[in-house]
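Going down the list, the protein sequences come from chains A and B.
Per the numbering used here, residue 1 is the first one in the first sequence, and the count goes up by one each step.
Per the numbering used here, residue 1001 is the first one in the second sequence, and the count goes up by one each step.
Source of the hints: derived by calculation from the structure; they are not laboratory data.
Predicted model only: the values in this text are computed from it and were never measured.
Among the hints, a few may not be true.
[To be verified] Straight-line C-alpha distance at most 16 Å; calculated EDC-like pairs for lysine to aspartate or glutamate:
#	chain 1	residue 1	chain 2	residue 2
1	B	1052	B	1072
2	B	1008	A	93
3	A	104	A	119
4	A	104	B	1215
5	A	130	B	1091
6	A	130	A	167
7	B	1008	A	230
8	A	76	A	153
9	B	1008	A	153
10	A	76	A	151
11	B	1113	B	1072
12	B	1018	A	89
13	A	139	A	119
14	B	1122	B	1055
15	A	72	A	175
16	A	220	A	230
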Amino acid sequence: MLSTIVINEVSKSFGKKLVLNQINLTVESGQIYGLIGPSGSGKTTLVKIIVGMDSPNQGNVQVLNTVVPNLKLLQKIGYMAQADALYSDLTGEENLSFFASLFKLKKDVQKERIAYAADLVNLTADLKKKVQNYSGGMKRRLSLAVALIQDPDVLILDEPTVGIDPELRQSIWAELFRLKKTGKTILVTTHVMDEAEKCDRLSMVRDGEIITSGSPAELKNQYGITSLEEVFLKAGGKQQ
Amino acid sequence: MRILALVKRIFHQMLRDKRALALMMVAPLLVLTLLNYLLSGNTVDPRLGVIKADDNLVERLKDNDITVLQVEENTKDLLLDKDLDGVLQFDGENISLTLTNDQPNAAKALQVKVQQAIAAEKAKEQAATLSAFMESIQSKLPGIPVKMEQVKAPEINTSYLYGNKDTIFFDQLSPILVGFFVFFFVFLISGIALLRERTTGTLERLLATPILRRDIVFGYLMGYGLFAVVQTIIVVTYAVKVLDITLVGSFWNVVIINLTLALVALSLGILLSAFANSEFQMMQFIPIAIIPQVFFAGIFPFESMAGWMQILAKCMPMYYGGNALVEVMYKGSGLSEITNDLLVLLGFALVFIVLNVVALKKYRKI
Ligand SMILES: Nc1ncnc2c1ncn2[C@@H]1O[C@H](COP(=O)(O)OP(=O)(O)OP(=O)(O)O)[C@@H](O)[C@H]1O
Ligand SMILES: [Mg+2]
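Here chain A stands alone, though its shape is the one from the complex (with noise of 0.2 Å):
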């Protein structure tokens, strides 16, 4: 199987500050990839290394065998900030309608992409609405469905379900298992682990290391425990 993700030997700093320290990883294709790691450990840092808005000190990274930055590669890559980066005085529709001209799709495939995308994150009956009037869940929900319009083969969402309610977010998770059957490849970074447990494997980020990585079996077996929340206080945490 190829790998659709390889990092190779990232480092990042801001500053003096060492965010990323020798980051090694690969996500295999077809794999829904979690990030988890306290809050500051880095992970957004490396999500933009990922996509290209960032550049690393040190190492490089791949996505579908092309070094990143590439601008055809972009094409291929849906990315979901962290911060919503919407135009509020913009409606839905707007937003999503400019998003996708950006990735030129045409006008009738645009229109099913729009329809597909407002649909899977529950917003088709707001689409009309302006922005700055969307709640904080909306907003969210509409920052996925950018993400989601040029249909890309590769999606990097970092914390794409906070805010959300937890009967959306189980829809937003049964899409994205049935995107990774249609073979795309998933990278999120959560603070959610019933959401990391659905993951077909994890990578634990702590002050810009990679401390562990596996399933979420596998990690519970390492440290013998039974939910990965315990993991995640026993790796993750500051140690004693």
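Please arrange chain B with the ligands on chain A, whose structure you already have, making use of the hints.
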């Protein structure tokens, strides 16, 4: 294609932002109208008190639009009481002029008028004395007829290369103002728009799509450029048709100059937005980058500036813009006379555009 998506989005946003639209389209008209009335208001005749003045002189002063009052003494209280601008006192051969000087410009003008009137009176007296003298000589020397030309005070026929005798300061100032407003408002609106994209993270999000960096810059230039076209046409039409500002040259040349200026303002605005973290910081560029421009746009004569100021002036886009606008609107020059100014402006724009494309590397290396 991607540029068009950007242009379309900017249109949506602008048309929805009624305040920004009004600021761009209506505010310049308001300021121009105010200035027009302020600067073209009729000047009040100066009031001059005279002591022991000759009647002929008083007549001449009155002819020169001076309100003349006979007064008894020359004291501060009297000047203030009677609301005089000055007192002219004759004391034998001595003449003294006291000026209130609360408005130095008006005082200078009054002084010049009084001096002219006195000189003219003197010349007339001398001419009369001279002809009387000649006549008496002629009468004493009969048989030798000497044809004497009448000595007259010379009259000057004034003609004007640009404008006419009714031209006021506003006529020369207005071309500069028309250009400056376009420059200022386009700078502000486009700069703040891109700044907002930076602070809300949408610019970063934009660069996570396959759009080229230069397409973003061009999209902005086109999107806001189209609004600048509308603004320019509204402002120039209003200035010429409603305010009756002098426009000797072609309307379309004025539009071309203003559009070039708008291009510079646009590219400068979005460039400077990279160095601001908030809308307020964007406003802080106005006293540094915008206001000084207007001083060098032709309001103060370039020739009388110190050498280093002249060099500074040549670094300011408005210097070229103001110059070209005065050429076309006031002096009636054609396109060939302003080509140089336009080229320099385009040069500025080009440099700013390239810097913009490079500055976006901060978000994405390619
Ligand atoms: N642009 C930046 N300049 C300076 N420091 C930064 C910058 N971006 C991130 N950092 C620092 O890098 C570290 C990692 O930040 P990052 O956003 O990657 O954490 P995270 O794991 O995503 O946290 P969270 O779970 O809260 O989102 C933090 O200490 C943060 O202060
Ligand atoms: Mg984060």
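Which numbered hints fail = 3, 5, 6, 7, 9, 11 and 15
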